[in-house]
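Q: Next come the chains, spelled out residue by residue.
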Amino acid sequence: MNPSDNIEKTGGRSVLVVDDSRAMRAFIRRLFRLSGLPVGECLEAENGAEALQVLRQHRVDLILTDVNMPVMSGAEFIRELRQDPALRPIPVLVVSTDATEKRINEMVSLGALGYLRKPFFPELLKAEIERMVAWNV
Amino acid sequence: MFDEQLLHEKLVTATESVLETMFFTAVLLRGAVQNSHGPLMQVHVPFLGYPSGELHIAIEESAARVMTQDFLPEDAEGASMEDTMCEFASMTCGAFLSEIESASGFKLLSPVVTPAAAAVETFNGPLVEEGFTLESGSLVVGVRFAYE
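Residue numbers (my numbering), protein chains in the order written: chain A, 1493 to 1629; chain B, 6 to 153.
Some hints could be false.
[Claimed, not checked] Calculated cross-link-like contacts (lysine-lysine; reagent style BS3-like; alpha-carbon spacing at most 25 Å):
hint, chain 1, residue 1, chain 2, residue 2
1, B, LYS15, A, LYS1594
2, B, LYS15, B, LYS112
3, A, LYS1594, B, LYS112
[Claimed, not checked] Chain A regions said to be covered by chain B (calculated; three or more residues, Cβ under 8 Å):
hint, segment
4, 1512-1525
5, 1536-1542
6, 1566-1577
7, 1580-1592
[What the hints assert, rightly or not] Far from chain B, by Cβ distances over 10 Å, these chain A residues were calculated:
hint, residue
8, VAL1552
9, VAL1600
10, GLU1620
11, MET1624
Hints are computed from structural coordinates only; laboratory data are not their basis. On a predicted model such as this, the values are computed, not experimentally measured, just so you know. Even for Gly, the Cβ is constructed at its ideal location relative to N, Cα and C.
Turn these sequences into a full structure, and let the hints steer you where they fit.
A: This is the structure in structure tokens:
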């Protein structure tokens, strides 16, 4: 997948969605549109390795990432992110079906600022993002 | 110990939760289903954990089509009905395993779409299964475990 294939630009904040499911990435893009959040650019990546490539080419205000992904998992991705001084400050929200205490603790200790368990009510995505970042809507 | 009733309850709860929360789809009836709306699509999600096993769904394409329309945005280029059903199966599997393997953890492997007639029996352990009648067709969700 070309990381720049699915970019929406209408002004506002820039978000990177990292998930190996095309359907889930499209669903999250849809929720951003409905949420009223000031998301202008929605970049996409299929796994952590691809996400790192995107981040080296684009400025991003928020990252949403899955956990279970081929090539580079969500945990490995956050670990890489936190070792890069330029990328370390970007807030990360984990969106995953894995709601085990073990996994949540792992991702939070690696530096995730939020953890949203699938399935979730659409309004919870907005609430969690608003809890994490101070965006003026 | 294999508590079939408890696992069955957890599977039903996980499936209905995913259907209602993410796909805006209500369950009309539970129990044995009649396939009357045409061809079926099957998806299998293997998982590793304690125990390991596999979740499978068999869904009538009429129901899969409506769920896909409700899930995806209108301009979801590239995302297909198969992608959406794989996501539905993965989400259901994750929600189910989060309830039963909350301490030990688990790993989901990539979902696989198989032809409707294909019999895929990877494991020989116990099976829990439930049928769901939706407005647009029927759905069967089952989990077979790897242990005896």
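Q: Against this structure, judge whether each hint is valid.
A: Now the hints, each set against the structure:
A C-alpha spacing of about 20 Å is found between LYS15 of chain B and LYS1594 of chain A, which places the hinted pair at or below 25 Å, so the restraint holds. Using a Cα cut-off of 25 Å, the hinted pair LYS15 of chain B and LYS112 of chain B holds, with the two alpha carbons roughly 18 Å apart. For a cut-off of 25 Å, the pair hint linking LYS1594 of chain A to LYS112 of chain B stands: about 12 Å separates their Cα positions. With 11 residues bearing a CB less than 8 Å from a CB of chain B, the segment 1512-1525 of chain A meets the requirement of three and the coverage assertion stands.
Beta-carbon proximity to chain B at under 8 Å applies to 0 residues in the segment 1536-1542 of chain A; the threshold of 3 is not reached and the given coverage is violated. Chain B is given as covering the segment 1566-1577 of chain A, and this is violated because 0 residues of the stretch bring a CB closer than 8 Å to a CB of that chain, at least three being needed. Beta-carbon proximity to chain B at under 8 Å applies to 5 residues in the segment 1580-1592 of chain A; the threshold of 3 is reached and the given coverage holds. Every beta carbon of chain B lies more than 10 Å from that of VAL1552 of chain A, the smallest distance being close to 21 Å; the non-interface claim holds.
Residue-level check passed: VAL1600 of chain A sits 15 Å from the nearest beta carbon of chain B, beyond 10 Å. Annotated as non-interface, GLU1620 of chain A keeps its C-beta farther than 10 Å from every C-beta of chain B; the closest such distance is 15 Å. Interface exclusion of MET1624 of chain A from chain B stands, the closest Cβ pair being 21 Å apart, more than 10 Å.
When the structure is compared with the earlier hints, violations turn up for hints 5 and 6 and for no others.
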